Amino acid sequence: MSAAIEHEPRPVRVALVGSPNAGKTTLFNVLTGSSARVGNYPGVTVERREGVLRGASPEVRVLDLPGTYSVVGETPDEQVVEKALAGRLANEPDIDGIVCVVDATTLRRGLGLVREVLKRGRPTLLVLTMIDEVRARGGKLEPLALGRILGIPVLGVVGHRGVGMDPLYRLLPDPSRWSPAAVLPPADTVAQRFAWVDDVCRAISADELEPDTKTDRIDRVLLHPVFGLLVFAAVMVLLFQSIFAGAVPAMDAIDAGFGAIGQLSREVLPAGWLTDLWADGVLAGVGSVLVFLPQIVILFTFIHLLQDVGYMARAAFVVDRVMGWVGLQGRSFVPLLSCYACAVPGIMAARTIASPRERLATILVSPFMTCSARLPVYTLLIAAFVPSATLFGVLGVQALVMFGLYLLGVATALVSAALLSSTLLKGTPSIFYMELPPYRWPTPGLLAKQVGRSAGAFVRRAGTIILATSIVLWGLLSFPHAAPDPSRTPAEEARANLEASAAAHIGHALEPAIAPLGFDWKIGVGLVASLAAREVIVATLAQIYAISDVDDSASLRQALRADVDPATGKPVFSLPVALALLVFFVFALQCTSTIVVMARETGGWSWPALAFSYMLGLAWLGAFTTYRVASAILGA
Amino acid sequence: MKAVLRNGAGPARLPLAQLPIGVRARLCEAGPGASIAARLADLGFVPGTILSVVRRAPFGDPVEIAIRGYRLCLRLEQIDALVVEPTTAEGEP
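Line by line, the protein sequences give chains R and E. Under my numbering, residues 1 to 636 are what the first sequence spells out, in order. Under my numbering, residues 637 to 729 are what the second sequence spells out, in order.
Note that these hints are calculated values from the structure, not bench results. Every value quoted in this text rests on a predicted model; they were computed, and no experiment measured them. Every residue, glycine too, gets a C-beta built ideally from N, C-alpha and C. Honestly, I wouldn't trust all of these hints.
[Claimed, not checked] Partial list, computed: chain E residues near chain R (C-beta under 10 Å): (1) Ile672; (2) Ala674; (3) Leu676; (4) Gly680; (5) Ala693; (6) Gly696; (7) Asp697; (8) Glu700; (9) Ile703; (10) Tyr706; (11) Arg707; (12) Glu721.
[Claimed, not checked] Some chain E residues near chain R, calculated using beta-carbon distances under 8 Å: (13) Leu650; (14) Arg662; (15) Ala677; (16) Val682; (17) Phe695; (18) Pro698; (19) Arg704; (20) Gly705; (21) Gln714.
Could you build all of it, start to finish, from the sequences and the hints given here?
Have a look at this one:
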């Protein structure tokens with residue numbers, strides 16, 4: 001087999017195999033640099049990561065298989081690993097070499113998996129990550145000694161610092177030359193396998209690690225019955241405070257930048273519909289969404305940071321009981337928390353949940369979690385209509401309202417999950433297990449890369465789906481024109497044109513359905529547009545007001561506050577209307593990408609259809625109730 | 637805890653879910669042959685393995701277990717079937 005591979009023209013392919021938290025993905029990032037391509041395995045919904053080994057010639061392709069504790073398939077992830085090792089993955093060329101990745105500090109767990117991989121009889125190499133921690137904890141693990149027992153090459157590395165990587169770069173291109181595995185004593189049962197592992201560890205005296213006192217000391221506080229919950233709540237509040245307050249300077253700068261470009265465009269370019277399209281359609285639309293980039297960056301920095309230092313698993317540990325009450329599990333927490341950024345990666349992360357039942361429940365309630373696309377809507381409406389007072393000198397009322405919206409989203413997700421698991425998804429809960437990795441310092445470079453990738457995805461969305469909707473909307477909002485009337489002022493002319501536009505007709509047609517919520521036709525247009533993606537409503541409102549308002553310098557916030565209903569003379573946006581709209585956005589499933597991913601992950605359109613109708617109904621009822629109650633209380 | 641230990645001649649066996657925090661124990665039986673038992677075995681829960689309960693989560697469940705040099709959390713209902721025997725044997729779980 002190995003001799004044949006050497007003469008084939010196709011690139012050498014190696015696959016990384018290891019348990020979650022073994023440092024596999026860090027190693028993959030270091031090995032492949034920025035060449036990683038993320039996709040899906042055909043037919044199954046497991047993420048496929050592949051990259052090209054840095055500086056290798058001829059090309060070496062590195063495949064990062066999903067993290068797994070077992071090579072016998074139970075979850076979709078494990079099935080992919082099982083098939084990949086057997087060379088039975090559809091449409092995938094066979095793998096030439098397997099790189100087992102094991103956390104050197106948990107050798108007694110990790111070697112069992114290595115034993116299973118060796119049984120496949122393929123060229124195999126073992127990489128022990130975090131080898132520095134073994135020494136720091138008084139251990140004396142010798143990769144060479146382990147290599148003598150196993151037969152295969154064994155390397156100790158510190159992946160994120162690039163320590164010990166040179167031999168790995170040398171070995172990876174040529175799996176056919178890796179030394180073959182030694183003849184190992186038979187181990188047919190799991191118990192025999194672990195007995196063998198214990199023998200090996202004893203032979204190389206590798207099991208004498210001092211306890212990780214640093215992690216123990218931190219956990220004594222962070223997992224404390226009382227302090228643990230307080231810390232959990234504090235981390236969440238800190239997250240929202242920094243998204244809301246910390247991002248303001250950068251947001252103002254971006255806002256001013258787009259305003260300046262718009263003004264400059266109008267001065268330099270000849271007046272006409274093309275300039276209007278550029279300034280009112282493209283700049284106003286895309287600019288009003290890109291302004292939220294600082295908040296997105298802060299949010300993703302938080303999520304990746306918590307994941308990297310090891311707090312994410314602790315948070316799941318602390319809240320598992322609560323998740324269990326509603327038929328979910330601690331494992332559902334990480335996907336749901338990822339949904340704070342975006343439901344699409346969150347729904348995909350639900351693949352780590354072994355049981356189909358909890359997985360489906362998690363996927364279906366995911367869209368209730370406050371994704372970053374809601375943030376622009378929340379920020380705009382809260383900043384415009386909620387007073388910027390403070391309570392007790394520190395807590396901003398605006399931040400509290402924001403926190404309340406997040407809380408409403410979580411609460412609805414949990415209640416809906418309980419509803420699902422007692423009706424449509426009745427059954428026994430499945431096994432829940434999760435590793436609590438040691439606390440580790442994050443690596444700034446890798447963190448920046450992850451945040452950059454996430455922020456890049458957001459910007460691409462602004463450049464594609466939102467740009468396209470902005471242009472279409474500008475067309476709908478600008479044509480047809482009203483009959484010219486020289487007696488009108490420019491402001492009246494602009495308003496007349498808007499009222500005559502195609503968008504106004506759509507908005508007016510919706511009015512019977514949305515009038516009970518206090519929404520006027522302009523909000524109706526925004527709601528229709530936001531079916532593509534939630535944040536589009538901000539771009540839409542920006543366009544509506546950029547077009548109807550001749551004073552271009554007035555910000556959208558001020559324009560919303562100043563807008564008056566010509567029929568009643570009252571403001572269009574009152575606090576009750578703003579609150580009702582906020583609640584509508586907490587509930588409604590206005591996101592094409594989420595619906596598409598949900599269909600892909602649940603294998604059909606019936607679950608997404610159910611989720612969409614359920615959430616729309618809830619949104620209407622919630623907005624209606626909010627509008628009525630708030631109006632009654634505020635006497636509006 | 638003492639009552640448990642002094643039950644009869646040798647140390648008493650008890651369900652892992654009832655093992656007091658910080659007491660080292662040896663796993664005796666890995667439960668019924670359900671898929672949970674196989675999954676737990678993959679995670680290192682095979683007879684003879686030394687383990688201990690490190691702590692319970694704020695609401696009493698799940699529990700953090702030290703086994704084979706790493707920390708794992710499991711729900712009480714899942715470790716119901718695991719029977720352990722407190723031990724004074726040396727070595728970090």
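task: Using 8 Å as the Cβ threshold, decide whether Arg662(E) counts as touching chain R.
output: Violated: closest Cβ of chain R sits about 13 Å from Arg662(E), beyond 8 Å.
Notebook entry, point to check: How about Asp697(E): closest beta carbon in chain R under 10 Å, or not?
Noted result: holds, 5 Å
Let's test the interface hint: is any C-beta of chain R closer than 8 Å to that of Ala677(E)?
holds, 4 Å
Any CB of chain R closer than 10 Å to the CB of Glu721(E)? violated, 17 Å
- Does Ala674(E) meet its interface restraint, that is, does its C-beta lie within less than 10 Å of any C-beta in chain R? holds, 8 Å
Holds or violated: is the Cβ of Leu676(E) closer than 10 Å to a Cβ in chain R?
Holds - the Cβ of Leu676(E) comes within 10 Å of chain R, reaching about 8 Å at its closest.
Problem - Gly705(E) as an interface hint toward chain R, with CB separation required under 8 Å - result: At 5 Å from the nearest chain R Cβ, Gly705(E) passes the 8 Å test, so the hint holds.
How about Arg707(E): closest beta carbon in chain R under 10 Å, or not?
holds, 4 Å
> Against chain R, is Pro698(E) within 8 Å by beta-carbon distance?
Replying inline: Since the shortest Cβ distance to chain R is 5 Å, the answer is holds.
*Have a go at the Gly696(E) hint: is there a Cβ in chain R nearer than 10 Å to its own Cβ?*
Gly696(E) check passes; min Cβ-Cβ to chain R is 7 Å, inside 10 Å.
Handout entry: Hint check: 10 Å Cβ-Cβ cutoff, Glu700(E) to chain R
Key = Holds, about 6 Å.
Interface hint check: Gly680(E), Cβ to nearest Cβ on chain R, cutoff 10 Å. Holds or violated?
holds, 5 Å
Consistency note: the structure conflicts with the earlier hints numbered 12, 13, 14.
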